[in-house]
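A.B. asks: If you read the protein sequences in the order shown, they are chains E and Y.
For the first sequence, counting from 1, position 152 maps to 152 in the UniProt record's numbering; every step adds exactly one.
For the second sequence, counting from 1, position 158 maps to 158 in the UniProt record's numbering; every step adds exactly one.
Note that these hints are calculated values from the structure, not bench results.
Beta carbons: idealized from backbone N, C-alpha and C, even for Gly.
There's no promise every hint is true.
Said to hold, decoys possible - Across the chosen pairs, the derived CB separations fall in these ranges: (1) Ile313/Y to Ile149/E: 33 to 39 Å; (2) Glu123/E to Arg53/Y: 35 to 41 Å; (3) Asn146/E to Arg53/Y: 20 to 26 Å; (4) Ile149/E to Asn96/Y: 41 to 47 Å; (5) Ser373/Y to Glu123/E: 36 to 42 Å; (6) Gly217/Y to Lys157/E: 33 to 39 Å; (7) Ala164/Y to Gln155/E: 41 to 47 Å; (8) Gly334/Y to Gln155/E: 26 to 32 Å; (9) Asn96/Y to Leu12/E: 46 to 52 Å; (10) Ile67/E to Gly217/Y: 47 to 53 Å; (11) Ala164/Y to Val156/E: 39 to 45 Å; (12) Arg53/Y to Gly101/E: 29 to 35 Å.
Said to hold, decoys possible - Here chain Y is said to cover these stretches of chain E; the calculated rule only asks that three of the stretch's residues, wherever they fall, bring their Cβ under 8 Å from a Cβ of chain Y: (13) 16–28; (14) 149–162.
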Amino acid sequence: MDEQTRNILEILEEDARIVPEEIAALTGMTVEEVSRKIEYLEKAKIIRKYKTIVDWELAGENYVYAIIELKVQLERKLGYQAIAERLYKFPEVRSVRLLSGEHDISITVRGNSMKQVAFFVAEKIATLDQVQSTATHFVLKTYKENGLILDEPDQVKRLAVSP
Amino acid sequence: MRTQCNPSRFVSNRMQKVPPSGIRKFFDMASDSEDVISLGVGEPDYVTPWHIREACIHSIEHGETSYTSNYGLMELREEISRTYTKRHNVYYDPTNEILVTTGVSEALDLAIRAIVNPGDEIIVVQPSYVAYVPSIIFAGGVPVTIGAKGENDFRITAEEIEAAITDKTKAVIINYPNNPTGATMDRDELEAIADVIVEHDIMMISDDVYERLTYKGKHTCFSALEGMRDRTIMLNGFSKAYAMTGFRMAYAMAAPEIINSMMLIHQYSMLCAPITAQVGAIEALRNGEEEVGKMVREYDRRRKLIVGGLNDIGLDCFNPGGAFYAFPSIKSTGLTSDEFAERLLNEQNVVTIPGDIFGETGAGFLRCAYAASREDIKEAIDRIGTFVDGL
Numbered sequence: 001m002d003e004q005t006r007n008i009l010e011i012l013e014e015d016a017r018i019v020p021e022e023i024a025a026l027t028g029m030t031v032e033e034v035s036r037k038i039e040y041l042e043k044a045k046i047i048r049k050y051k052t053i054v055d056w057e058l059a060g061e062n063y064v065y066a067i068i069e070l071k072v073q074l075e076r077k078l079g080y081q082a083i084a085e086r087l088y089k090f091p092e093v094r095s096v097r098l099l100s101g102e103h104d105i106s107i108t109v110r111g112n113s114m115k116q117v118a119f120f121v122a123e124k125i126a127t128l129d130q131v132q133s134t135a136t137h138f139v140l141k142t143y144k145e146n147g148l149i150l151d152e153p154d155q156v157k158r159l160a161v162s163p
Numbered sequence: 001m002r003t004q005c006n007p008s009r010f011v012s013n014r015m016q017k018v019p020p021s022g023i024r025k026f027f028d029m030a031s032d033s034e035d036v037i038s039l040g041v042g043e044p045d046y047v048t049p050w051h052i053r054e055a056c057i058h059s060i061e062h063g064e065t066s067y068t069s070n071y072g073l074m075e076l077r078e079e080i081s082r083t084y085t086k087r088h089n090v091y092y093d094p095t096n097e098i099l100v101t102t103g104v105s106e107a108l109d110l111a112i113r114a115i116v117n118p119g120d121e122i123i124v125v126q127p128s129y130v131a132y133v134p135s136i137i138f139a140g141g142v143p144v145t146i147g148a149k150g151e152n153d154f155r156i157t158a159e160e161i162e163a164a165i166t167d168k169t170k171a172v173i174i175n176y177p178n179n180p181t182g183a184t185m186d187r188d189e190l191e192a193i194a195d196v197i198v199e200h201d202i203m204m205i206s207d208d209v210y211e212r213l214t215y216k217g218k219h220t221c222f223s224a225l226e227g228m229r230d231r232t233i234m235l236n237g238f239s240k241a242y243a244m245t246g247f248r249m250a251y252a253m254a255a256p257e258i259i260n261s262m263m264l265i266h267q268y269s270m271l272c273a274p275i276t277a278q279v280g281a282i283e284a285l286r287n288g289e290e291e292v293g294k295m296v297r298e299y300d301r302r303r304k305l306i307v308g309g310l311n312d313i314g315l316d317c318f319n320p321g322g323a324f325y326a327f328p329s330i331k332s333t334g335l336t337s338d339e340f341a342e343r344l345l346n347e348q349n350v351v352t353i354p355g356d357i358f359g360e361t362g363a364g365f366l367r368c369a370y371a372a373s374r375e376d377i378k379e380a381i382d383r384i385g386t387f388v389d390g391l
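Okay, chain Y solo, but in the shape it has when bound (with noise of 0.2 Å):
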């Protein structure tokens, strides 16, 4: 008889380095509950608006079912470059510095693969998305976390990305509007960001998925600031602004040599993005404004009553100026992030997560997503107010 088989032999060690993520207790836990107000969706309420919709079914219906160009279908790339010319008088050359991907997780794996060697090290200013340390990892690269602080409504500094850097440091990995605080910059604390970044001759990978959900002033391209263009991999999707989660669209921009090398990884492992997502995502580009007006506008209305509910509760919170999450502290309840999230769920039935999932600094901050209607707002308002007079 052969002898048995032990899998977890097999795996390499390279993944037994990374933790599993904290989301997913959360996610167990509400998913057993019942009557349950989640603020702990990183995702829009809506539904991608009809006409992007309309698009696809149309383009289905007449066979549009093909591979497309390893780089994403041309038009799509001259609208997504037309954007950008647009918006932020940027300009990338549709032919060989944008690569469609699915989703901006994808376009961040190709970015940290395209320019890691092992050993490399990689800022990352936290708290942040979950993707970026995992990723970091998988390329066999060094993630060297580096925390934005509360004090300063976590705005990270120049001199704090400055004070991290070695002779190994590759890149810094920002996101601002930022998940999950809904921090944002101010140009010259970009500028003053983008000299640092000069000096030491790294590279940015700035992730601008939240840009369209900037309620506050005008989110300024961090490839737009002089000089930065070919220092940047600007990563940037349609999930956020045109509700398109689950189409899985986004793209990478930067210098023909990095997108390049990018193209190359997705060439082998992806071939293309889905060309159904890509027909909506020229649609979204095209004839989406109105839409993303409206969403933005309610976003922004639902943004001022839960920041003002949270502070009225006694949860300090500082006003975030973009993406779809309030981020309070709850410091002055003794508690943990993970012991009020956990209770406030067994007792109230409400989500939020951990602050500190995020990264250290989010310790004694939860994240509370806004992107739910208001009267789940209200309600969970309500329910955290009478779990905090409890305690």
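Chain E with its partners taken away, still in its complex shape (with noise of 0.2 Å):
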């Protein structure tokens, strides 16, 4: 990866919505540069998407969110990848990670209540075939998302004026 490729990317990653003239203002580059690499970015699909993180509880959203680990039982030939895919297609499945270690899979979920993921677990993922245990978290609070921390303390003040 050049190191002007680099530079957008991290640019972006940091604020989905700048916009092509300040990253060139940024970066030295021209608009149409910055455009063209962007376009080229999206298209090979290192730019997956632009989304925006919320916080739904300060907008009186109160979702419950859920960490559950499952074991699996493989099936032949097929491995990881299906049980995967029938996870990550309900909509209440928010990731799906495979692990090393005691569990094998841990997915998130979300939903309106803790009956409601409750109960979404209970019938629809424990009852998977593949599946042969599951361990279910709650979330209590999210300190940080995506390497954003959600209630930063203000930081100190430097001096206004220092040699």
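From the two separate chains plus the hints, produce the assembled complex.
C.D. replies: So this is what it looks like as structure tokens:
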């Protein structure tokens, strides 16, 4: 990866809404160069999607999140891919990860209440043939999400002038 | 009744020769106003990377609260030595050629006091950090200032240095990447200066504290030039690269005779640098590269943003190769640096520092520190544009 590509990706990763004009000012590239580069990165799927990190709790929407660890029985030939596909097709499932260690797969589930999440796991996840066992952990508070600290205390002020 | 005392009578003649810092006025003015955007801060706007702070906390929790060797922790000196070998291919013996100090400010003071006899001249290349001249006066030396020129993008030439050398010259102080101009020097320019240093048998004091903030090309370490190791007192620190200003962590490297003299002063005045900060410095050198890279890349973006912005509003600004300062010319406005900076602060609430505070050739220029958020830089440029348009 060349330096300018990395530069653009870092800038966009931090602020998806930044416009090409501004990226040009920050990188010394022309607006056309920036636009062409971004178009390429989108086509190559290096840039997958532009998303917003929403604080739903502040917005008054009390979603419940749970991390569910699964032990699975592998099917002949199919491996983990088949079970992963079955899991990620549920819209309630927000992330699916294959893990090393005690459990095989970890998923994050979002729902409107603990009851809803619990029933979803019991009815839809635990009943899958490949799933041997589940362990559900409800999220009580999120301190940091996608590299963003959610309620960071104010920074200490510097002196307004120093040599 | 006993007679009243007049305290000012006791202040030494030497101290009366030192003028107050020109920055002070702006500090007081800025502190009085609200909604101020400051481009007047000579320190990173980042907090020290967490792994460094965490190492310090761990160290305190484990009771590392004692004095260290006067030279500094051996482990730290070894890391510094390794760093210089790796980055610049110049070796300093950690046992007697490296001294850990409380900031480059202290290292500078020690370096000057270690080599100056009363009446010795030290050449200071300006515009420069405000402490160089006073430190020479404190030591009983004579500061001889020479000015790097705006038309040369504030790089000093070997000829300009040579013209200032007399029989009394002991050393030259340079600082590249430079505060306040952001100027950097190429290797061949430094080689030419090295020739002059050897020819006149004097020393170089090189303040490399902005070394890591180099955006164009590679920083040349003066002591790594042929024959320069023992003629150079190399000063460097953690403040700028690792956002550790408040830790007051730096070091000096030179020949054992010089370091020993510096260590004697340090021993009797400071004893040693604070141990917690030294532990943080070890962590910074061992595991700090990634964070430094991130910060440098962001400074580089802001550099392009501010230099482009200043030029767009008609303030001619050369492209600085290092540090985190842009140094635009405000000569086109017809105002002096001081008038410009003072009116800009009063009328638009933007703090900048007049260039002539750092030396005569800085007159007609303004130091704008871009160690500030992009939002602040953009807003500051808008306000400076409004101010310039209204003149």
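A.B. asks: Which of the stated hints cannot be reconciled with the structure, identified by number in ascending sequence?
C.D. replies: 2, 5 and 8
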